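Q: Here is how the chains run, residue by residue.
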Amino acid sequence: MSFFYQGNLLLAAMIFALGAFGVLWKQNAIAVFLCLELMLNACNLAFVTLAQAQGHPDGFAIFIFVVTVAAAEAGIGLALFIKVFHEREHIDADRMIMLRD
Amino acid sequence: MAELTYSLFFVLALVSAVLVVFSRHPVHGALFLILTMVALAGLFILINAQWAAVFQILVYAGAIMVLFLFVIMLLNIGRAGELPVSTRSIRRAGVVFGLALAVQAAALMARFGAEAAFPETPPPLIPIGRIALALLTRYLYAFELTSVMLLVAVIGALALAGRRSSADGPPEPQPPGGRP
Amino acid sequence: MPDAPLALPLPEDFRPLGPAGLVLATALALLVIELIRPGRAGPASRGVAAFGLTLAWGTLLYGVGAPGETPRLILYGCLRWDGVVFLGQNVILGLALFFILISPSYLEGRALPPAEYYALMTLAAAAMMLLAASHELLTLFLNLEFVAICFYVLAGLERDNLRSTEAAFKYFLTGAYASAFLLFGISMVYGALGTTRLSEIHAHLEAGALPGLLRHGFFLGAGLSLMLVGFGFKLTLAPFHMYAPDVYAGAPTTVVGFLATGSKVATLAALLNLFRPLVAWADLPDGFVVAIGLLTVASIVVGNVGAVVQTHVKRLLAYSGVAHGGYVLIPLWAAAREPAHWVAAERAVTYYVLAYGLMTALAFGVAATLGPQGESHLDRYAGLARRSPALAAALALALLSLTGVPPTVGFVGKFYLFSVAVDAELYALACFGVLASVASAYYYLKVIVKMYMEEAPAVRAEPVALEGGNAVALILCSAGVLAFALFPMMIVL
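Residue numbers (this note's numbering), protein chains in the order written: chain A, 1 to 101; chain B, 102 to 281; chain C, 282 to 774.
No lab work stands behind these hints, which were simulated from the structure alone.
Don't take each hint at face value.
Here are some, though not all, of the chain C residues that point toward chain A, as calculated from beta-carbon distances under 10 Å [unchecked claim]:
{"hint": "1", "residue": "R440"}
{"hint": "2", "residue": "L443"}
{"hint": "3", "residue": "A449"}
{"hint": "4", "residue": "A457"}
{"hint": "5", "residue": "S460"}
{"hint": "6", "residue": "A461"}
{"hint": "7", "residue": "S468"}
{"hint": "8", "residue": "G472"}
{"hint": "9", "residue": "T476"}
{"hint": "10", "residue": "L494"}
{"hint": "11", "residue": "L495"}
{"hint": "12", "residue": "G498"}
Only a predicted model underlies this, so the values are computations on that prediction, with no experimental measurement involved.
Cβ atoms here follow ideal geometry from the backbone N, Cα and C, with glycine treated the same way.
Could you build all of it, start to finish, from the sequences and the hints given here?
A: This is the structure we're talking about:
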């Protein structure tokens with residue numbers, strides 16, 4: 001069953017690459033954010049696989065903290081996104097700071 | 102039998118990941134991301150890392166992705182998430198190169214991965230006690246810092262997207278400290 | 282890898298963390314003040330923040346004191362306490378105090394909630410202090426994320442300014458992208474070495490053995506390269522610098538100033554901690570060394586070329602930051618090629634951390650003080666010498682220092698950087714650095730000429746009033762730019 005670990009790491013690399021590609025490719029901000037989450041998930045897969053294969057809990061602890069950080073980042077990112085969305089809808093054109101001064 | 106299950110989850114994870122990237126609507130993307138996370142949880146179980154699987158489903162798929170879906174659906178974001186035009190050309194310019202690099206990386210990983218000394222039999226489940234011990238000793242600093250980080254995230258999210266207490270207009274600029 | 286025995290950290294472990302803890306407490310106090318007296322905390326916040334930072338700085342200098350010869354590892358090896366960290370924390374506290382003092386005139390007239398602003402700036406300072414001390418990969422990642430989160434919020438804090446919010450969002454996406462690369466790199470390093478503690482990694486690499494699962498050198502090399510990508514984003518090195526001009530232009534100037542100085546200071550200190558075990562590795566892959574070289578040269582080129590065409594102050598300073606990131610990598614590249622130069626490289630980079638922080642902060646400080654008159658188009662600086670001689674002099678000093686003209690810290694710093702290259706027989710690189718610095722004089726002196734030689738347009742001829750704390754901050758920073766050049770031995774490690 002050793003190919004489980006190799007497979008996991010290969011999958012992690014592929015999903016990471018897909019996410020990295022998606023961040024650059026997608027036009028929609030939320031979609032970019034989803035691809036970022038894909039990348040983080042790939043990292044998590046790598047950490048858990050390596051922790052389990054090596055038999056010590058470090059990778060698990062890292063996994064837990066990465067998920068927590070992802071949660072914090074998601075909160076901030078979505079709040080920023082809501083702010084952008086809100087301001088685009090509700091800012092008067094003449095109060096808006098022009099993109100080029 | 103285990104190999105078959107593994108292959109199933111592997112393919113499921115890969116296909117959902119592809120669909121996350123290539124789906125048209127963000128809601129579909131988010132749902133496929135949840136599916137990817139579930140598939141990854143399955144893979145965790147197959148290597149005897151059940152704690153990670155449970156944590157992944159409970160926290161990541163169950164809380165964070167639900168938050169995503171809430172925001173997407175509450176704001177009815179379809180086309181509204183369009184990014185400024187000026188960044189599009191820069192992005193597309195770098196994409197092909199990045200893709201080639203990524204494919205290369207995965208191929209190298211596949212080739213060199215075979216030389217690693219992976220265990221043949223599935224290692225035993227790491228008891229939750231050992232993980233907890235690691236969290237409270239080796240990773241004590243991380244543990245404490247994360248709590249502060251979450252506080253900052255909450256404050257930040259409120260400061261960014263929260264409604265102002267006064268319902269009308271922007272607040273007056275604060276008078277400078279110490280009026281003459 | 283055996284688990285650590287269940288022993289609690291010793292009390293003296295927490296002493297070096299005291300100042301950072303005090304800064305954290307100040308931030309929390311600011312939030313509590315806002316809770317008790319919502320909406321009216323503005324003027325008091327800055328005083329509380331300044332007081333807290335000063336108290337923490339005093340604790341750092343006198344309560345904790347300079348560390349001894351041997352570095353200490355605290356909290357199970359997650360944090361390191363040594364001369365580099367001590368200096369870094371001092372610089373960060375100084376920068377934080379500087380930008381807090383500059384802030385009130387900047388905040389006036391802008392829709393920035395003062396309580397959250399001061400609290401987050403203080404939190405960012407605490408995070409930077411901890412980042413400088415990171416000695417373990419997860420700690421490094423968490424501290425980097427902590428700093429980043431504070432700045433994501435700070436950059437987007439201004440209300441009803443779509444451009445600023447979009448800049449913040451772009452900064453968020455880029456930063457998160459960088460963190461993901463860093464994290465995947467860490468996972469590869471963990472796989473190769475079986476541990477995330479830099480002290481243990483150092484021991485393994487010195488012995489030349491890779492005890493982890495992914496024994497093939499490819500994985501460690503790939504992991505380190507990915508980590509380098511992550512660091513490249515955070516330090517605005519080319520080709521990962523592209524978010525910087527837009528973000529610097531869009532976000533509030535004091536926030537950008539603190540970001541461009543403090544976070545880079547802390548990240549460089551962390552990078553030094555990371556490089557220490559790497560240069561001890563005899564089999565460091567050539568590809569990795571080449572990658573560092575490419576980053577160095579590309580940053581110097583892109584930074585200087587990009588700055589030449591800029592007409593926007595903050596964008597100019599962004600590209601300036603890119604170029605200086607390149608300069609600061611020169612000794613690290615030399616050390617990576619030839620480990621014998623590590624001590625000199627460490628010293629040079631540490632000094633440059635101080636120098637770069639001071640001069641860039643001064644430049645941003647003047648831009649922030651001028652507010653809407655000075656934070657965007659360079660034409661608004663025309664005739665500044667007549668309108669406000671003190672500000673013009675301060676900015677001129679900062680720009681001369683950035684160019685590397687004696688007797689400023691910029692000159693001494695670059696001297697140290699290039700001398701490491703010369704010692705390592707990288708003569709071409711040293712020459713290239715010097716030539717680039719000379720070439721950079723074009724865009725730095727262009728601004729000085731504009732301030733002193735051009736006439737101010739009549740409509741903007743009002744003198745700029747300097748508020749008390751603001752003036753003190755600028756004076757002290759200018760003094761620092763000169764003093765630390767005349768007495769560089771002050772901070773010899």
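Q: Each hint: holds or not?
A: Hints, one by one, checked against the model:
1. R440: holds, 9 Å
2. L443: For C:L443, the interface hint holds, since the closest Cβ of chain A sits about 5 Å away, which is under 10 Å.
3. A449: holds, 6 Å
4. A457: holds, 5 Å
5. S460: holds, 8 Å
6. A461: Given a least distance of 4 Å, the restraint on C:A461 holds.
7. S468: holds, 4 Å
8. G472: Holds: closest Cβ of chain A sits about 4 Å from C:G472, inside 10 Å.
9. T476: holds, 7 Å
10. L494: Where the cut-off is 10 Å and the nearest Cβ of chain A is about 5 Å from C:L494, the hint holds.
11. L495: holds, 8 Å
12. G498: violated, 16 Å
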